[in-house]
Structures are given as structure tokens and as C-alpha cells.
Amino acid sequence: FVCSQQKELTSKKRDEFEDILEERRLSSDLRYAMKCYTPVIYKGLSPCKPNAIKSAVLQSEQVQYVIKQLAKEMGESPDIIQEEAMEILDEMGHSMQLGAVRFFAFTLSKIFKQLFQRVCVNEEGMQRLQHAIQEHPVVLLPSHRSYVDFLMLSYLLYTYDLALPVIAAGIGKADFLGMKIVGELLRRAGAFFMRRSFGGNRLYWAVFAEYVKTMLRTGYAPIEFFLEGTRSRTAKTLTPKFGLLSIVMEPFFKREVFDTYLVPISISYERILEESLYAYELLGVPKPKESTSGLLKARRILSDSFGTIHIYVGQPVSLRTLASGRINRCPYNLVPRHLPQKPSEDIQEFVSDVAYKMELLQIENMVLSPWVLVAAVLLQNLPAMDFELLIEKTLWLKGLTQTFGGFIEWPDNLCAKKAVLSGLSLHSNIARLVDGRVVLNDKGGEDGAIGEIVFKRALAILMCATYRNQLLNVFVRPSLVALALQMTRSFRKEEVYSCFSFLRDVFSDEFIFFPGISLKDFEEGCFLLIKCDAIQTSQQEIYPTDKGSVTVSFLSAMFRPFVEGYQLIFRYLSKETKEAFTEKQFIPGVRNFVFQLLEKGNTQCYEALSSDLQKNALAALVQLGAVKKKKMANGFTFNVNQEAVNKILDMFDTRIPVQKPVAARL
Amino acid sequence: RQELLKWNGWGYNDSKFIFNKKGQAEFTGKRYRLGGMVLPTFKEWIEKTFGASLDHKTTSRASLNVNDVPPSIVNEDFLQDLRATKISYSQDAEDRVFRAHGHCLHEIFVLREGMFKRIPDIVVWPVCHEDVVKIVELACKHNLCIIPFGGGTSVSSALECPEEEKRTIVSLDTSQMNRILWIDEKNLTACVEAGIVGQDLEKQLAESGFCTGHEPDSMEFSSLGGWVATRASGMKKNIYGNIEDLVIHIKMVTPRGIVEKNCQVPRMSTGPDIHHFIMGSEGILGVVTEVTIKIRPVPEYQKYGSVVFPNFERGVACLREVAKQRCAPASIRLVDNAQFQFGHALKPQVASIFTSFLDGLKKFYITKFKGFDPNILCVATLLFEGDREKVLQHEKQVYDIATKFGGLAAGEDNGQRGYMLTFVIAYLRDLGLDYYVIGESFETSVPWDRVLDLCRNVKERIVRECKEKGVQFAPLSTCRVTQTYDAGACVYFYFAFNYRGISDPIHVYEQIERAAREEILANGGSLSHHHGVGKLRKRWMKESISDVGLGMLRSVKEYVDPNNIFGNKNLL
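Residue numbers (the working numbering), protein chains in the order written: chain A, 1 to 666; chain B, 1001 to 1572.
Among the clues, some could well be false.
[As the list claims (entries may be wrong)] Some chain B residues well away from chain A (every beta-carbon gap over 10 Å; in silico):
(1) Lys1324
(2) Phe1369
(3) Glu1460
(4) Asn1523
(5) Gly1551
[What the hints assert, rightly or not] Partial pick of chain A residues on the chain B-facing surface, computed with a CB cut under 7 Å:
(6) Asn51
(7) Arg255
(8) Glu256
(9) Arg329
(10) Phe407
The set of hints was computed from the structure by calculation and includes no laboratory data.
Think of the CB as a built atom: it goes at the ideal place given N, C-alpha and C, for glycine as much as any other residue.
Next comes chain B alone, as it looks inside the complex (with noise of 0.2 Å):
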């Protein structure tokens, strides 16, 4: 699978963004929808909403320089041990290298034009249960520090390995572990090794016609073990549940042995649920071998749909509203207006002038006919699912409320567009570095009341620090809301900046993304929805969860781990 993927960048070597000959923007490979157009309003956008310009231009560099990267540093009588086990490894440089990182902005830079001060100093590739006990033993015996390794797509610097450790690190990959163990169709669950990725769950299970239905935006990389050990949320969560509703049971093992349940029920009260000890604990206490997870009838019919809202403040309203009548579909999600004009920007060239006709009709009667501002208005997409009865009705109800707060209908291609556009947009960082456009994604959540609010000063904050710390042009700011709950939204920022002229852009990106996350706790928003703490977000654990709920998790770790065999540092 490696060989599939960028060293240096998101996703697969095949799809990327470039700007071919005519110097029009175009995404290729044939994986995805978008593959192969050309998009011809794409470069304006750029040029307009950045200042970027296609003459200046920056290049990572094309292969690693194994040179440059750190020794491998093994203990001799850790090898025979290992051999003895049969257990694949390497100690080669780039397998080291493509494991030392997660997704971060900082990480992809150092990819591009530096290297990592640590890395794994070697990789293992268990292909069971037993496999993962025996290495974690041997870790115990020869006092080896574990960073467990599954689909590689934090946002969180989870991956990067401590500075100062200097035991070796062993970087334990779990994606040989992908097999679906058993399906029971009585309870409607299966059980699955922890290493499998998304995309491979699903289309496994779809064989048997079922699916689990967790689709995280990463779905196509990351893994069912990274999922738990991070609390993922997927994009369907309205019908399927978040990974801590559809987990049954979780075998993991830690140093001081196996964790797991004697029975998979629904629900129990037995004290507090182990499960939440390891969910979301980030390969601090130890490597999630096997899953046993709810799975759903494949879905008899899909419909995408959108609806345009005349400003950002009537279209959460109108989620708002959905929520407390509880009739969310599948997935409902709100962009601002400026991730709606880059949607827009992402629109291939049509094919014919009828096309091109319809859609100038469409623009001139929302735009002219219902007096709805290009530069204010707002679109939410739809995706339903079920019965195709049940979605008919329901699409009806979900499209009378949002009729109330001031909607239109706006068809179910952009819909469909809004929806491929998440897993596309991952590709767009790789093609800005190229020109010297940094940014990154931040989500929280927060209670409905502070929405607005927190939206439109966590915006503005960027805005303005951008402005202080020498950011020439104005940056790209916006959000939207990506999940519904009865309590609350899910809230998504995507976060860019043209960094000519400044001389160290991660140092600033790093001080931006900061105070922008100092704004989401001032305004009431939490550290993170779904992403997680990892490195990244420590400092703000305290606050988070008070020092006596910190001290609480440090004594499960001291206990479960005591000599930080899994000593990637994440959390506390």
C-alpha cells in the first residue's frame, strides 16, 4: 500500500491537483468523480482569494534523501527475539520515515524540505493477535518504546515520535492485521482486526450486503484501530452512531496483559466502561488487536440533496431546527460562503450549453428572482438513506422545515459535488505548497446557542492575527457545520494563508492555529470533536478536563503501562 501512496503529501501518487499546459487547473487520476476534469474557474479563485501567483512557485524536493535520515539504532538481542517470533520488520529508511508522521501541516513541510529529528528506529508488521502479545512483550523485555502505526492520517502530530526518547522505537504497523474474523447476522455485528481501513471494511462487508456505515472523511486510509483509539466520528453518524456506539468490543493489548469484556451485549453497567478508557486514549496504554462492531443491511436506496439559504445565520437556524425535531439525515452539513464559492470554483467544465445554460438560469433565480446575495448566501448538502419510501418522506420533511427558514431547494448534484469535494480537498494542501499557500483544518464542537458566535470569531481571529503576523494577503477563513446533535454542532474550519514574504510560515501557522483554538475555548467550543489531542493539543488538557479528571487518566496509564512501553507522548 505504501508504494499507492505519496511519500510527501495526501492520498494516492495517482490524484493530484496540477495546472496543465493551458495553465488551467485539473485533478488527475480516475479514482475519484473530479478525476480527469479540468476546472476552469479553479486558478481565478486561487489567484483571487490568495494572492497566489502560478509564477511563483516552490518544489518539494522528489524523493527522500536517505542520507539525511536518522540510524537506525536496534539492540542485537531485540532482533533474534523478533526473528524467533517470525514477525515481519524493516529497518529501511524510507519505511522508517513514511511511519515518523501524521498529516499535519508541519509534518508534509519537514517532508518536503527537511527531516524529522526522530523516527522509528524500526517497523513490525504483526499479522494477529498473537503477533501484537508477542511483540509488546518483548518491547516490555528489552524496554523498547511502541508507537502503534494503522492508516497513518492523524491531525493531531499523535504519530511523531518523542525527541528525547532513547529507547528504541519500534513503529508497530497494524495493516497486515485486515481480515474480518466473522460475521454474526443474528446480532448484526462482526468482528474485525484492528489494522483494516475503511474503505477495505466496507467493501468487504458490502460482499455479505452490509456495512457499519462509520464514514470519517480519512475513510479511504484510515483504520478501524485509529478510529478507536482516537474517538472518530464518521460523516454518517446521524443513523450509524459515532465509533463509541457502534463499538461491541474491543481486545487490546497493554503491557500488563489483555483488555477486554467476557460477554459482547448491548450495554452493561459494570463501573465505568472500559471501552472509554482506551477510546480516544491515542496508543498511550496499547495496540487495539480486534473489534467486534455493529454492521447494518447495506442501504436500499441514497439521495443526495442541497439546500441554498439566503445567509449563514437562517441556514443554522434551520440545523437547529432539524436537530430538535431529531429527523437529521444520514449526514447534513452547512458551508459558509466562502467554502460555497470554493465549491464552486471546483466545478469541472460542463460538459454542453444546455448544461451551462440550466446552470445560468439556476444562478439568476436564486441570485436575481429570490434576492439571495452570491456573497452572502449558503448552501447545505444532504445525503439520505434507507428505504426509498422512508427517504422520500423524510427528504420532504427535512425540505419543508428548511423552506421555513428561507431555503430553496438546490438539486442533488450539488449535493453529490459537496459531498466528493471532502475527500478531494485533502489533495488541494499539496498543490498549494507549490505555491507557497499553507493551511489546515481544525474542527470542535459546541452547544447550539454559542454556533454563530463561535463561527464568526474564531473567523475573525484568524483573520486578524493573520494581519499581525505579517500575512500579506488576506487569509482564507471559513467554516462549516458538519454534524448535527440534539445539544449541540460539530464545527469545521478550514484555515489558509499565502506565506510569501514571511520568513519561518510554519512558526506563524503554528501561532494562528493557536490563538484561533484559544478563540474556540473562549467562545465555549471544546479541544477537539474528533480529531483528538495528540501532541498537538496537550497544552490545553488541563483546562479541558479539569486536573483531578487529568490525574485520573495518568493513574490508568501508570498502572496499565508503568514503564511507558507505548511512549508516543500523546495526551497527558
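For reference, chain A alone in the conformation it holds in the complex (with noise of 0.2 Å):
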């Protein structure tokens, strides 16, 4: 399943850009819009109307037996409880519209012109699609940056003259439903509506899910839904989530369907459109709601210029192949299909298993900016770096990342000077080059108080490093074995090994590792630093190298700040928090914590004020066991195990005592 990895990453071959704004600067949208669009389809489409498909969903006996049983169980009529379901799929349903289709290609061209330098995708990897989407049914599972992303997507895909996705985009309390005539827009243009929660409402997970196979199972369209689940305000593979992948898997587990697609898709941007909302978020400062006229005000960025996106549509992945010879047959050959029917240990494996796989994909595929590098160079030089020294050292990251099978794109012959320029220009909002030297953009106004200047700072910081972020998953295996070399102070395999293992356990909500190969991913990140002639190993012993001691200490830094705001947070729950809570008050407390450390300069992480950075550093307390989870009536609450904390914190401080089974192993 996972072990072809390792060799992809040496001889990996991808395809060539192709710019599809180019044809739209030299003709005319509007003809462009009003295009004969025929799409290929699925081979096995019988053709229907959206309201057919609905009207299907609500007799199908799936939805019916929930039906029944909650009128059974809850004493009251079928028909009330159907209305409901109708209502439900009038929520959700999408109805896409030619017409409304044309008007987006008409003004997303305008849109995406204005906005994008360049709109670069593969075309072979449309050519792949095309030829998928006709033969079985088929899932896109695009990364998620930004709201562009699905608009993109189906932008693309009617460029191509391909079958338009309905997508699966989640309804917030005010989020895009509130939008009302967006909303409608996009519903005509193939969205479709899930709520974010939806824990116990048994009907809406049975329409829900009904209505989703259904459209995969007569082939009707590609489904679209983003694995992350929600964009990643930090340009950080966010961890998947499983409900609706088990979902769309499901049809080819019965066999209703003989194959399923999965695609994965990278859509990088060079600049993100909503890269200081995201850096607001993250500090806790409420994020504007996105309503329509919201939207209009958002005018505003369309004067401002966002670079290159780069969407990279991978090869289609066979559910087949995937589950052949992992799936036991049996419990879905001794219950009719239609009963709900709680996925078995090792399907939910399974699933798990192939989001993580598909994740790991879209990193691969994943372009990155000679921005990135810069980004990443800068933030480890604060405040302010020579500029002669940033284009040398960009450079020498180039090769780095390029060695760990990292997409760089750096525009042709473009010497590097020019490239990190032309960085800089994009985003002078972020850095700026003052005489000779380039300067992070922290400043408020003059003088402000010393909080204001925290937060200024900790605003640029965390624009910045959402662009460092992009790399973090390519690095993350050579630069943790770099961090336990480090952190060990020792050469012994078993030792390293066992703090790596630690590592990758204490971030694996905060980087995505394929579960359960702690060793091969150890594996895979000594053979990286091997390659770039880092360290040297030999049978028991794994030594950095002369020259290698400035790659390490590199790598180990550009993790560092994770590290030490993990330690920050795990030292805040460890003292501060004696009592249960809930995640509404861990965010700004924990928040507090480190602003006033910061304004007093007993920390310089500013990374810890990041909520997502807090809440995956929390996630992972819980999933070592050092803090209890308990569902209560409103929401989760926590309880820290003290004792527990401080042990794990102390597994950062000192040497960490060796597994002898494990060491075995090696």
C-alpha cells in the first residue's frame, strides 16, 4: 500500500503547465461562456434532472427504512418525518443550471483574469480525468486553500469540456447559505449543501448519504468534497475526515458500482486570496462573516494582484486496486444493502488508510513557489536579513526541497535574484527590501502599545508562515530524524529512532503521516538525508556529517517553532488548568499565556498564538492520553492529567529512555 512511496520519490516524473487564462486574455469571454458545452459523461449515465434524482433519494429504500424507524420510534406519522427529509433534501440538493453555469464561466473569467497572473494546470492530468470520468464513477478530492478552490475547479472542468462536479461544500451557522443569492448561484452551478455537524440527526445523515451515493451511483455527475473537510488557514494539509469518503466508498463496497475514481487534486496558490483573514482567524479575531455583501466589499482585493495558481489533477486512483485483497466480503453479503449499516473495524481501517493515501498524494503534487523557499529562509532570520544572503540561501533550500521530491516551479531561466524579487513583490504586505536588507513587515503604527506590537508581529509571522507551511510536509521526515538527532544528543539508532517515533506521535494531527509506519517513515527520512549528504549512517549509529551539521540544524529549526509551542501550550495545561474545560475556553486562555510571555520576552514562538497550532497540540495530549475528551450535552470538555503533561513534556527536555522492543526492529 504505501511501500511504492519511497521509490516514486526518486524517479518521480510530472507532467507539464499549461496556462488556460492565456486563451481567455486573447478571446472573448463571452463567446467562451456561451460555448457548446457537451461534456463527456459517464458511460453508464441513464440522464436525469436534478429534481429526479431527489425525488429518488426520497423513495429509496435506504431513506424510507430510517423513515420508518423514526416514525416507529418517536410515535409520530411517516409523512411528518418525510416532509422533514424533503425539506432537508431542499436544503442540500444543488440544481445545476446550464444557465447559471454560463453566467459563472462568463464571470469568473473576468474574476480570475483580474485577480491571477497565470492559471496553470496539467493537461494531461485533464486527459486522465476525461478518460476516467467515462468509465467509472468518479470522486475529486481537491486540497483546500480557499473558496476559489471549488469555483477553480469547476471552472477548469467547463473549460475542458468535461462533466461538471456537484460539490459537497459544508453550511457553517452563517457561512455560505447566508449568502443568499451566491448561495442560489452556486446551488444552480453543482453545489450542494451539507451541515458542518450533524452528529445525531440520524434523516439528515440518511438523506445525506443517500443522496450522494445516488448521484455516484447513476454516474450523474463527479462528486466533489474536500478531504480536509475545511479550507486550512495555514496552507497546512489539515488531517481528513472520513464521513463523507466512507461515503462515496460505499457503493463500490456492495458493488453497486464496479469501480470508483478517486482523484486527487493540488490547487496551490501563489499568494492566498484570503491569507490575512486566515492570520485574523488564527489570532483570535473574529473572522468577518462571509455574507454577500461581505463579498461585494471584497471587491476591494480585485485591484490586488494574487500571482499563479497551480492546480495539479493527479492520476486517478482505483478503489479497486486499493481494496483488493483487504476487504472482507461477508458482512455486506448477510444484510441487504439498504440497512444502515455501521462500518466494520477493518473498513473504517481501510478508510482511514486511503484519505490518509490521497492526502499524501495531493502533498506530492503540491507546486511550490520560489516564494515558499523565501518564506521559510526569512522566518528563521528575524527580523530582518541580508538580502545577498536570502536569494544564496533560497537557492540552497531549492536544491534541498528538490532532493526531498519536493514541485518546485521556478519560472523558466528565471535567475534567482529576479525570482526573489518578484516574491517580494507579491507580497510587500508581508517583507518589504529596505536598503539592501529584507525587512518583515510587522510595523503598526508608530509607537503603539507593546501588545500592538505583539500582535502586528505575530500577524506577519503567521502570514509568513503559511507559505513556509507548504513545505513543512515535504520536510517533515528528514527534518524530524534532523530534530531527534538534536534533541538526543546522541548517535544510537535506537535512541534517535525512539525520539522520532515520540515526534511523530506527539505532531501527527499537526503533519500527515500514513498510519502505522513510524519505521518507514524513519526509514524514509535517513535515506533523504542521506541523499543530500546530511548523515551518515551506519548498522547502530546515524552521525550528522561535517557539512551536514548546517542542513540538520536547519531542518531542526524550521520545526523548532512547533516544538516550542507545544511545549509552551503543554506547559500551560500542566500548570494552569486544574479544573475541566472546554475548547472555548482553552483557545483564549491559552492564547493569553503567550501573548504575555511574548510581551515580556520570555518566549520569541509567536506561532504559539496560532488557534490551529493550540488545538492540534491539545488533539494530541488527547490522543497520548494525557488529557481526557468527554462529550457532554454542549460540545467536548477536557481534563488534563497533570502528571501525565509533565512527563510528556519532560520527553522534550531530556533524553528519552529506549524502547527496547521497538529497537529490536532496526
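Now that you have both chains on their own, put them together as the hints suggest.
Here you go:
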């Protein structure tokens, strides 16, 4: 399942990109919007209208079964519940109309041309997708960094004459649905909506699941959703959510379809539209509601430039191939297929494996711009850095990134200086060139209060980190080895491994690791470090080479903010929290704690202010058993086991005891 | 009988498909309705479907090469004892090879081009129950291995001799035990020796005005004992039942002694039915010698019929409805489009311009007027039996249901031809083998709600596997729903491909067949509906009946036959 990854790292060949905006700039948008649109469709498709799908869902055995069950349990008439189901469907259902699609094609052409310099797509990927769509039901799994993601993807499919996807978009309390007009337009362009949380609502779940599965089974349109569940505010891939994925996999498990293609799609932005919004949000400043008027105000952004978007459509992955030999078919044969069935453990494990695999594929094909490298270097040289040195370091990092399998798009023949300069000009809100030095743009008003200064600085650092973060999942394995080397202050392989393994567990919500292959990850990390001459290994030992120490310290410094941030947060939890608390209490508490330390100058770890990091650290403790998570009526509460947290804190500070059985496997 | 039958293929020597001097296909012999007829479109169909060409021909050996045949190793003491019983036997090479195989593809391939590694050492022909008792006693005394042989139509490698068997293998041919011992008209039962072949049984019963109504597709050659040993199913089971419904009493000789019941009653509650250890035991427990079977008066009236459906989905829905209303005719089958086209290709040359005109008109009506797509439509064939009046009434009921599912009555002739084809189709493989085309059929049973998915997925899997394994021309992958039950259906697949350019076609074939079976199981289908397990499908037995289930069967085998005298290694 995973073993092929290492091999691929060394012999990866990626497709060429093509700019789809180029043609838009040359010919009429109106004609483009009105073009003859006859998309290729699934070979087994029996054509039907969105409303026919809705009624098929409502009449399906699956939904009817749940309706009857609920009617019996609640003593209500099935008609009333049926009515409710109908309402859910209406709230959820899309009503794709060509008119709306054309409207979008026209307006989006205008907007995209305004916002972006180029929108680059690997055409071979589009061709593979075209074949896939005809052959089997297709599930599109794009990365999620921006609202632009799904607009862009639909736009792209329209441009290439492919069937437009139906999109599972989440509804928060006042999210998208609040935006009446846009919401309706999106619906007509093929989005369907799911409530973000419907844990207990069986009817909602049944209707939703059946709706998705019906569209999949009939091959009505590609299904699109985000494994990450929500937009990543940090540009770091979020750990996957499994609910939707297990829904779209079920028709195959039950053999209602012969196969299903999963298509990982990596969308990367040279500059993310929402970058400052995200930074504010991470710092706990409430985000502006996504109301229609808010969006209109966003028109202001239209005058700004956001560089290039790269969309890499990955190789469609056959679910059948993934599942071969892994699924025990018995559970599906012994229960009627329309009955809701809790997936067995091996199915759950399989779904999780597939989710991680898909995210790793997204990461693998995520394009990294030169600016990403600049940001990574800059963050290690705050507050200012010599321009020439920055260029030199950036070039060095480019080489390293490529050794690690990172996918860098360096504009053709562009010299390093120009590349860095163009990055700086695109991101002038983050950093500027002043007198031969590159300076972080963290000045607030003149001589503001100390708190103000810290806040402005944090804002700049978090925005900058958003770009460095794009490197992290490419670097995480070798870097954790490097970190472990430094932390253990030992060269013994087993000690380094046990420290690596500890870090990997602690950061399992922070970075994307394929479940259960710690040793393999370690070996891959070592392999990559050897490849870049940073370390040498013998039977029992790992030690940095002479010239490798630069690399090793750079790599560990790259992840230092996370180590320090987690330490701060753990310290907060071990000292400051005696009673049970909710997440709503935890975030402001820890934020104040860190803020004060920063004000006093007791730490320089601004990234510890990020609510994302804070949540991940808490989740890590839950996973390590040091914090108990309890479900209450109004959400979750947490209970800290001080002793256990202190123990984990010690692990960061001192050498870590070797666990014999693991060492034996080395 | 051995003289009448092909030594390296299916059925009678005189009946086969050939291409005549004009290059047209023809079926020889006079035994079948198709006999002596020219099939003008058949050649084109073969070329189109398989990419086969008449220029590329393989030829089988003309006759058995006796020198290749493994020698017969039989202990002289046993021979002496055997001679004393006066039971006839043979150690002749041809006799032994004839009983060393069934009709799996790989077995026929071996006959045409190679030789079996292990074959029976001696063939014995008991003529009655007592003879069998003596043979089994001798086998126990001398520690020999007995493999019972009835009609030899197995398609599960059940007759293959285990290569590693070191003992003398005795092929116990039941063909001489073929008498009807008595007919009981009051209870409508008949006691019959187990070696009787289906068509003889029906012929002889018909002389007294009766029939069993059990008609598996192999009934010309398969035997009563074989039906019991494999849990056979007959085409007309809707009226007469499958073998387990037909059997009233079984006598079986085992190494432990004779197993039978004390009375011949319609049902009894005396613990698990011992008949169910015997039915489907595939020759691992003993030899069935006598069977009391239900009989019925020969039906007054028979009528064929057929219905065209716009697509397979509608056809299946119709069959499901028929099953639901429990009004299935004696037989109802639904063939998919590929099989419909195949049947079409076997249409003989029409005798007059008038019939040809009529055919054209029919085709026009269905495709143009009713809008059926000839590449999607499918056909159900029907057979009604019983009182004339009831048949007509029944017929109307079924056609009314069919109409609701968009079906159009398509005439008696098409129906009858459909049933005739099931007998003739077995001969086709031998023709295919001459032109680099190999193929086989396999079957399963499946709940109603999964029929469509199973059919689609299995066919698709076959096509994909062929592609992956380097088969250059898309295979024929087709199915029919061939039996209906309350809770599900029996589905029958045909699968064939052109193997030119493949070095080891049998291996490739077996891999694909295995993949197809995996697919069936993953789709909620059974390991077998009526062909049995044999040695071909043993690997899936544990999954099919659970560890404990398998253990239950093993313990029965251990008690009944502790020294593994019946050592054909089937099933377990």
C-alpha cells in the first residue's frame, strides 16, 4: 500500500503545465461562456434531472427505512418525517443549470483574469480525468486552501468540456447559505450543501448519504469534496475527515458500482486570497461573516494581484485496486444492502488509510513557488536579513527541497534574484526590501502599545508562516530525524528512532503521516538525509557529516516553532488548568498565556499564538492519553492529567528512554 | 455407449459444428433439430466476436496415443478377488482415459494435446447394488481408492485423479446399473438404479406414461447418481423441483456399510436429514446405488414462448415479479444481449422467401416501431407445461406481467430454439478449440436485489482481466438468468476468448475464471448453484460455509470413510 512511495520519490516525473487564462486573455469571454458545451459523461449514465434524483433519494429503500424507523421510535406519522426529509433535500440539493454555469463561466473569467496572473493546469491530468469520467464514477478530492478552490475547479472542468462536479460544501451557522444570491447561484452551478455537524440527526445523515450515493451510482456527475473538511487556514494540509469518503466508497464495497476513481487534486496559490483573514482568525479576531455584502466589499481585493495558481490533477486511483485483498466481503453479503450498517473495523481502517494516501498524493503534487522558500528562510532570520544572503539561502533550499521530492515551479530561466524579487513584490504586505535588507512588515502605527506591537508582529509572522508551511509536509520526515538527532544528543540509531517516533506521535495532528508506519517514515527520513549528504549511518549509529550540520540545524530550526509552541501549550495545560474546560475556554486562556510571555520577551515563539497549533497540541495530548476528552450536552470538555503532561514535557527536555522491542526491529 | 461419444470433446461423435466447403457453418448429425442445417451468419459472428479467423486452425490429435497413457498398476491379489466376483472390468488404456476426466476446459485441452498425469488403473462395471457392495469391500480389504463415475459430465474437476494417489485407483462405472426397479403409481414414485442416464430414464418412464421432469442441460449424458452426488438442478424445477425435492429415498454403499432410511415418506423429523449428507457429497463418502424418485404423469401439453425486453434491467425486473407472484412457468430464462445475438447467429438458413420476409417484418416492428435497440434488447424464453387449458391461462398471466415491464411477445419458435441451443451450445466449445477460441460456462445463485450488479460486475471483471492478461481481442462475456426462486435467481455465465498470441492459454483462462469467481463472491453470489465444488472451487469452501461448517463435513467423512477409500479429494 505505501511501500511504493519511496521509490516514487526518486523517479518522479510530473506533467507540464498549461496556462488556461492565456486563451481567455486573447478571445471573447462571452463567446467562451456561450460555447457549445457537451461534456463527456459516464458511459453508464441514464440522463436525469436534479429533481428526479431528489425524488429517487426520497423514495429509496435506504431513506424510507430510516423514515419508518424514526416514525416508530418517535410515534409520529411517517408523512411528517417524510416532509422533513424533503426539506433537508431541498436545503441540500443542488439544481445544476446550464444558464448558471454560463453565468459563472463569464464572470469568473473576468474575475480570475483580474486576480491572477496565470492559472496553470497539467493538461495530461485533465486528459486522464476525461478518460476516468467516462469509465467509472469519479470522486474529485482537491486540497482546500481557499474559497476559490471549488469555483476554480468547476471553471476548469467547464473549460475542458468535462462534466461539472457536484460539490459537497459545508454549511456553518452563517456560512454560505447566508449568502442568498451567491448561494443560489452556487447551487445552480452544482454545489450541494451539507451541515457541518449533524452528529445525532439520523434522518439528515441518511438523506445526505443516499443523495451522494445516488449521484455516484448513476454516474450523474463527478462528486467533489474536501478531505480536509474545511479550508486550511495555515496552508498546511489538515488531517483528513472520513465521513464523506466512507460514503462515496460504500457503493463499491456493496458492489453497486464496478469501481470508483479517486482523483487527488493539488491546488496551490502563489498568494492566497484569504491570507490576512486567516491570520486574524488564527489570532482569535473574529472573522467577518461571509455575507453577500462582505463579498462585495471584497471587490477591493480585485485591484490586488494574487500571482499564479497551479492545479495538478493527479492520477485517478482505482478504489478496486486499493481494496483488492483488503476487504472482508462477508459483512456486506449477509445484510440487505439498504440497511444502514456501521462499517466494520477493517473497513474503517481502510477508509482512513485511503484518506491519508490521498492527502499524501495531494501533498506530493502540490506546487511550491520560490516565495515559499523565501518565507522559510526569512522566518529563521527575523526580523531582517541581508538580501544577498537571502538569495543564496533560497537557492540552497531549492536544491534541498528538490532532493526531498518537493515540486518547485521555478519560472523558466529566471535567475534567483529576480525570482526572490518577484516574490517580494507580490507579497509586499508581508516583507519588503529596505536598504539591501529584507524586513518583515510588522510595523503597526507608530509607537503603539507593547501589545499592539506583539499583535502586528504575530500577524506578519503567521502570514509568512502560511507560505513556509507549504514545505513542511515535504520536509517533515527528514526534519524530525534531524530534530531527534539534536534532541537526543546521541548517535545511537535506536535512541534517535525512539525520539523520532515520539515526535511523530506528538505531531500526528500537525502533519500528515500515513498511519502505523513509523519505522518506514524514519527510514525514509534517514534515506533523504543521506541523499543530501547531511548524515551518515552505520549499523547502529546515525551522525551528521561535517558539512551536513548546516542542513541538520536548518531542518530542525524549521520545525522549532512547533516544538517550542507545543512545549508552551503543554506547560500552560500542566500549570494553569486544574478543572475541566471546553475548547472555547482553552483557546483564549492559552492565547493570553502566550501573549504575556511574548510581551515580557520570555519567548519568541509567535506561532504559539495560532489557534490551529493550539488545537492540534490539545488533540495530541488527547491522543497520547494525557488529556481526557468527554462528550457533554453542549460539546466536549477536557480534563488534564497533570502528571502525564509533565512526563511528556520531560520527553522534550531530556533524553528519551529507549524502548527495547522497537529497537530490536531496527 | 463409449463408442458413440467423442473421446476428446462433448457429446456424440456424429454431432458437431463444422465449416463446410463453402465456408459456411453447419451442424452435423440427425440427433438435434439443428442437425444438417446451414447457419449462414454464424461464421461472421465468430469472426466479429472473437476476431477468430478460419485460416488459423489448431488440430487435436486424431486419436489417443496409447503409449502416453500411464500404466495400469493393479495388485494381483485384488484382481483374483475381483475375478471371483464375476464383475466385469478393464485395464485397457482407452477405457481408463475415458474415465479420467470430466468436461472442464483444461481436461479437454489435455485430451487434445497432452496426457493426464494420473488416471484410473482399472475400470469396473457393477451391474447391481450387490456388486457395488462387493467392490467396496474389496477396496477396503486391499486398501484401494475408488472414484465413482456416472455420466462423466462433471465441470468441477471432480473426476480428475489426485496426482499424488499412490494406491490403485478403481474407476467405478455405474453405467450398467441402469434399470428402473419398480414404479409405484399409487405414490407416484419409482425406484431406479443410480447409473441410469437422464434421457433413458425419461424415455423408459414415458413408456408407462410418467416422467421425473428433471432436466439438467446435460441430461442426455448425466446420470441419476451423479445428480444426487452434485445436488443437480433441472431446467423445469419450477414444476418438478430440484434433485433434493425429487428424491424420496437413497441407498448408498460406504466403507462403513450401507446407508439408507427405513421408509419412503414425503418428510420426516428425525434429526438432520441424512440425505443432505449424501446430496452434494461428490463421491467422497460412497457410491449411490439406488434412488427412489418422485414421478409425474407426462404433461398433456407443452408450449414454448419468448418475450423481448427493451433492456436487461427490465427483463430482470419482470422475472422478479413473476417469481414474486409465484407464477413462473416450467422454465423461464432471460438471456442478455450478447447471448441473444449469439442465438441469432445460430439461426439456420430460412427455407422460403416468405419466412425471411416475415423475419424482416418482425425485426422492423421491434426495432423501428417499438424503438428497441438491437444492441441492448434482451430475450426471455419460456416453457409451459400441464393441462392445455391451464397452460393457456398461465401463459396469459405471464405475458401480462411481461407487458408491464415493456416486454413484447416474440413467438413460440424463438423460445423453442432457445432451449434447443442449450443442448447444442456444449458442442460449440469443440469448434472454438479448433480456431484458438477457448471458453467455458460457470454459474452462481444470488439474491434478487443483487442480480443486476452481479451480472454487470462479473462481465466487466472478465473483460478487464482478459485485457490485463494480454488477451488481444475482447472476450465474449455473457450471462443469462436461468432459474428463478422466491428469494433469488440462478445466473449462468458464458465466457470465451481468442487465445492467439498467448503462450499458456489454459493458465490465463484459469486465472480469469478464478477472478470471475472472486467477483461473484464479492457480489454476494454463491460458490455454486448446481455444478458443485469438485476440486476446482475447493479453495473457497471455508469462506463459503465457515470453519465449523467445514469441520462438520470433515467429521462425517472421517466417520464414514476413515481410510479415504473414496479418495477423489473433492469438496473438502
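A quick look at each hint next to the structure:
1. Lys1324: 16 Å, holds
2. Phe1369: 23 Å, holds
3. Glu1460: It is violated; Glu1460 (chain B) is separated from chain A by about 5 Å at its closest Cβ, not greater than 10 Å.
4. Asn1523: At about 5 Å from chain A, Asn1523 (chain B) fails to clear the 10 Å cut-off, so the statement is violated.
5. Gly1551: Gly1551 (chain B) is indeed farther than 10 Å from all Cβ atoms of chain A, at 18 Å.
6. Asn51: 22 Å, violated
7. Arg255: This hint holds: Arg255 (chain A) lies near chain B, its Cβ roughly 5 Å from the closest one there, short of 7 Å.
8. Glu256: 6 Å, holds
9. Arg329: 5 Å, holds
10. Phe407: 31 Å, violated
Checked against the numbered hints given earlier, the structure breaks hints 3, 4, 6 and 10 and satisfies all the rest.
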